[in-house]
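Protein chains: 2
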Amino acid sequence: MKIALAQINYHIGNFTSNRDKIISHIEKAKKANVDLVVFSELAISGYPPRDFLEFNDFVKQCNKSAEEIANNCNGIAAIVGLPTFNPNEKGKPLYNSAAFLKDGKIESLTHKTLLPNYDIFDEYRYFEPNNTFEVIAFNGKKIALTICEDLWNVQDNPLYTINPMDELVEQKPDLIINIAASPYNYHQTKIRKEVLKRNAEKYRLPLFYVNHIGAQTELLFDGGSLVMNPKGEIVEELKYFEEDFQIFDLEEIENTTDKTLTEDLSETASIYKALVMGVRNYFEKLGFKKAILGLSGGIDSAVTAAIAAEALGSENVYNVLLPSRFSSGHSVDDSLELVKNYGMPHDIIEIEDAFNTFENTLKPYFKDLPFNVAEENLQARTRGVILMALSNKFGYILLNTSNKSEAAVGYGTLYGDMNGGLSVIGDAYKTQVFELARYINRNGEMIPENIITKPPSAELRPDQKDSDSLPDYDILDVILFQYIEERKGPKEIIAMGYNEKLVNRILKLVNTNEYKRYQTPPILRISTKAFGMGRRMPIVAKYLS
Amino acid sequence: MKIALAQINYHIGNFTSNRDKIISHIEKAKKANVDLVVFSELAISGYPPRDFLEFNDFVKQCNKSAEEIANNCNGIAAIVGLPTFNPNEKGKPLYNSAAFLKDGKIESLTHKTLLPNYDIFDEYRYFEPNNTFEVIAFNGKKIALTICEDLWNVQDNPLYTINPMDELVEQKPDLIINIAASPYNYHQTKIRKEVLKRNAEKYRLPLFYVNHIGAQTELLFDGGSLVMNPKGEIVEELKYFEEDFQIFDLEEIENTTDKTLTEDLSETASIYKALVMGVRNYFEKLGFKKAILGLSGGIDSAVTAAIAAEALGSENVYNVLLPSRFSSGHSVDDSLELVKNYGMPHDIIEIEDAFNTFENTLKPYFKDLPFNVAEENLQARTRGVILMALSNKFGYILLNTSNKSEAAVGYGTLYGDMNGGLSVIGDAYKTQVFELARYINRNGEMIPENIITKPPSAELRPDQKDSDSLPDYDILDVILFQYIEERKGPKEIIAMGYNEKLVNRILKLVNTNEYKRYQTPPILRISTKAFGMGRRMPIVAKYLS
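Residue numbers (the working numbering), protein chains in the order written: chain V, 9 to 553; chain Y, 9 to 553.
Mixed in with the good hints there might be a few duds.
One copy or two, either will do: identical chains are not told apart, so a pair holds if it fits within one copy or between any two.
[Said to hold, decoys possible] Below, in silico cross-link-like pairs of lysine-lysine (BS3-like), each with a Cα-Cα straight-line distance of 25 Å or less:
#: 1; residue 1: K110; residue 2: K201
#: 2; residue 1: K375; residue 2: K113
#: 3; residue 1: K10; residue 2: K297
#: 4; residue 1: K68; residue 2: K499
#: 5; residue 1: K239; residue 2: K267
#: 6; residue 1: K98; residue 2: K201
#: 7; residue 1: K499; residue 2: K201
#: 8; residue 1: K98; residue 2: K205
#: 9; residue 1: K180; residue 2: K462
For the record, the hints were derived by calculation from the structure and aren't laboratory data.
All figures in this text were calculated on a predicted structure; none of them were measured in a lab.
Produce the complete structure using the sequences and hints provided.
Structural data, given as structure tokens:
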């Protein structure tokens, strides 16, 4: 039996485009005499459709698409994910389903049992869990068809009390197929392979796994669909961060040994690829071509510009330098070198006039109160206004250049440098931003060395340095990681050897700045715990604050 | 048996304050010879604690508080809600529990079975559902103890496949106690009473219900704890929008007949009270006293100012008038009349200089492109910068003045009039804002009549009116309500008799402006579907857009 895996970049709610992509891959599979072609979880709607699922109209359109796709399944079978209505009187209104298409119709539906409802996942918001189990008989073989999380309950302290494969294995299946929507983070590829390996080994079955590829706003799907033999060895991996389509012969799987993977990306390389895809897909799927961003002379905006140039083409990244009386000379020079290295368009717009006018306008009300955060923010907001004016005038999307460290402790100005349609590096700690810069320069200096080596500064008052008020990023980032990604409390972090006062101060900064992060743009997610939809914190609260 | 209901305003994560409030009510109950005092769901942590629940440190502190509270339970019993660790190897790590405190210790734990996971609820994100059922024997009576949603599966097409009371009733309980965290919306009071009535009637048992009161950022808890007799008649209601504590004699409940409620608030009156509480608690719990807002001369900022004055005291609401070349004369006059009526502080700050400076700064880059949305937004953002500068300088919280109609269709400027720490009327459609204004003027003109009767305008270009580009709000708001609250698709709305082109245009505006709403402040929730945590939409998507 010939099985094809189709790893496709879907567009949420774009029924026409998703359907056409699926049908064109079915046609391609037919030409290669494939028996069964497999698409990913909720392929027809795109993943995650979120609250569109609460619209009956949306779900009906998904089902209509499935029928149109089924019309093309003659002489071939296909598995494709979509939401379906729960026909029972009791329970949630929908199932997360895999349709088995054959002979021009929807032959059967298999529903998802384990519904992830943590971090960025909200599946129990919409779906009733499945509780009946049946393999699919096809061409003399029995397929154990599962959907993503259904294979993930193999950890210690399992999150769910049942295990769908334990039920299905009673019916003596010949292979496992898993259709997935497993988003990228820089640990996920390894974990995902380990989980799949445990399943193949435990049930001694070949395993066919199809994931999404492409960005859906903040969620980045890296692909990496694969086939494993019953020993849990990888027979073949599909591409990462690209669409792919490959055909396998079931009978040959058992005799194929462990494949030496051609490309094993470093963590930083994979983050870079993920972010480039994230920017590119955000613009493509929204129908925009050009980005604008403010180039400060610091490393954050430099790395953001570099990623945008790779994603959109240098000519489509408009860099605006917005120096003030507090900007150091090298800030402009370094930025000019960067835009020259990439050949990106740029302008230099002094903010002095606008800043002065605001100071004069506000003088009668500020009275003689000393220069403080109000004036610092005023500079950042003046820049924000200019960038947004250009963005509005020319139809460019403003890219946000904040990093995760500063977003965590609230070192950013709401409606100023926190502006943007999309945050590119907002899930990368400052130390990771440095690693990205080094990676970008791996074949030669694209980001000027001085941008990487000079001490970080917001340049909002004379001789300001980040280190005036924050510990070294090496220390700050570890504390933040323990708190944010690892959900360690203050006692646990202090027990790791960090200064008690410092830890308490940092955690308090994180929690009291929740109100700022509530209003930030979507952040491309590369970690196990990004700010945004996967981290839901009260604003008015008193914990550690 | 004497049972007391304690309806308290908790503060999320403020373990000391929550614990002390609970203990002081236990002491009060002791003095009145109460046998059992009942507190609400997750009282110890405050509701909703959201992802604080992922911190073991947080859950441990809750359990420590429970033990401290139990120490005070001698000669009295108490029921109090908190998260507890799931001791089983499998399943989610926590339970949503009700602790039964007696004889100085935690006598038993009852766990929640039905975990709401829709709209603003995320309980399956954290909690394992309970699946064992046991009544609590106390003073010769058997208590069926349930937690909020546990009583809610009595609708047609029930959301859950089991019903905890159907299990508990087998053990012949004498009364039902339900501890809840049921947030306000302007339909909720009626629905809540109906649901409780169905339970009392179905199981022929007296019912004691304790809800939260107070605002937790956007979520508004209205209280309305109550006691029902076995006929489903209300014996007593606790106060709405206020803390309350009342004592009942179980033996008398059966013979008490339906109470004539002293206060039956109109929909608009309840919305007004809810919003006032929302503003007041937001400031109190964050430790702020003073608000700032921009007064445009329009109805939205006028109603926002009126609500803030009621919540914080007139002297704590600083109104800034920010006229431009496009502002009509009456805008300033009407605003001045409003601040005079309330005795609120105000300033008039012309934005002309700052706007001109921005225009001059941008002229070389805008070239000769015509005046468009860029210049309109520039005015709104100039105002935003001035308001935020004053907010930063004086430590006032900026109140956002947007309404739900404009937030829905994207008629607002990001980083301009969409700024603020809290959106006061962002869940009220424009037609509801008019009703609020009429309500505020019920005893005399506080909001100048001209503000209510003049045609709405953003005044960002000459002679602009909302009606230039939008249908009448009477029509717009109905279409929006059908789409947002009722989740009707375009075909269904058109079938109600609305113009096809108009409906499609409005729904497209709603969906393509999702990116703006992603960055708005938290919005006090008064409807069944508010923008914010309860409505989760993809940004990059193609449905109806």
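For each hint, the structure was consulted:
no. : hint          : verdict
1   : K110 <-> K201 : neither (30 Å within a copy, 51 Å between copies)
2   : K375 <-> K113 : neither (76 Å within a copy, 59 Å between copies)
3   : K10 <-> K297  : neither (40 Å within a copy, 70 Å between copies)
4   : K68 <-> K499  : between (51 Å within a copy, 12 Å between copies)
5   : K239 <-> K267 : within (12 Å within a copy, 71 Å between copies)
6   : K98 <-> K201  : between (36 Å within a copy, 23 Å between copies)
7   : K499 <-> K201 : neither (34 Å within a copy, 45 Å between copies)
8   : K98 <-> K205  : between (36 Å within a copy, 21 Å between copies)
9   : K180 <-> K462 : neither (63 Å within a copy, 75 Å between copies)
Violated hints, in rising order: 1, 2, 3, 7, 9; the structure is consistent with all others.
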